[in-house]
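Participant: Please work from the sequences and hints to get the whole structure.
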Amino acid sequence: MHVVITGANRGIGATLSGLYAADGATVTGTSRSAEPRLDVTDPASHAAFAASLSGQAVDLLVCNAGVFLDRGETLDGGYPADMWAASFATNVTGVFQTVQSLLPNLRAANAAKVAIISSQMGSSTRASGTSMIYR
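963 is the number that the numbering used here gives to position 26 of the sequence shown; each next residue is one higher, with no gaps.
Incorrect hints may appear among the rest.
Derived lysine to any residue pairs resembling SDA-like cross-links, with alpha carbons at most 25 Å apart [as the list claims (entries may be wrong)]: (1) K1050 x Q1037; (2) K1050 x L997; (3) K1050 x A958; (4) K1050 x G1009; (5) K1050 x R969; (6) K1050 x A988.
Simulated restraints, written as ranges between beta carbons of each label pair [stated by the list, open to error]: (7) L1040 x N946: 18 to 28 Å; (8) I949 x T1030: 15 to 25 Å; (9) V1004 x K1050: 22 to 32 Å; (10) L1012 x A1046: 16 to 26 Å; (11) E1010 x T963: 35 to 45 Å; (12) T963 x M1020: 31 to 41 Å; (13) T952 x R1044: 35 to 45 Å.
Think of the hints as simulated: they come from the structure by calculation, not from any bench. The beta carbon of each residue, even a glycine, is placed where N, CA and C say it ideally should be.
Facilitator: This is the structure we're talking about:
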């Protein structure tokens, strides 16, 4: 079984990488800072990463890369549009581009699966703090 995990350099991604590897899976864990590199906001990075997996089936794709840039800024007094754009580029568009770029690899597997990890910040009732952009 070949598992690809984005954002595998720490936290949930690193833990999942270790668990799947311990279970015998071949794990390709990506990050922006270590090989194999994948910046989920960069189409050229997606193209290079997909090329590195050319011809390899991917049985499970775990889209885990994400950012939380908002530190309680208010919409009317400090939440800049570029922060919103950077968050959206990673947490939403990055997932789309990751799945899209690896479609040939997913189609090469018998019964490929895609798992998309989010956080409680995606819930307007469970999110904590003053992160107004999630309200």
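Participant: Each hint: holds or not?
Facilitator: Each hint, compared with the structure:
no. : hint                      : result
1   : K1050 x Q1037             : 13 Å, holds
2   : K1050 x L997              : 5 Å, holds
3   : K1050 x A958              : 17 Å, holds
4   : K1050 x G1009             : 35 Å, violated
5   : K1050 x R969              : 23 Å, holds
6   : K1050 x A988              : 20 Å, holds
7   : L1040 x N946: 18 to 28 Å  : 24 Å, holds
8   : I949 x T1030: 15 to 25 Å  : 20 Å, holds
9   : V1004 x K1050: 22 to 32 Å : 24 Å, holds
10  : L1012 x A1046: 16 to 26 Å : 43 Å, violated
11  : E1010 x T963: 35 to 45 Å  : 42 Å, holds
12  : T963 x M1020: 31 to 41 Å  : 37 Å, holds
13  : T952 x R1044: 35 to 45 Å  : 28 Å, violated
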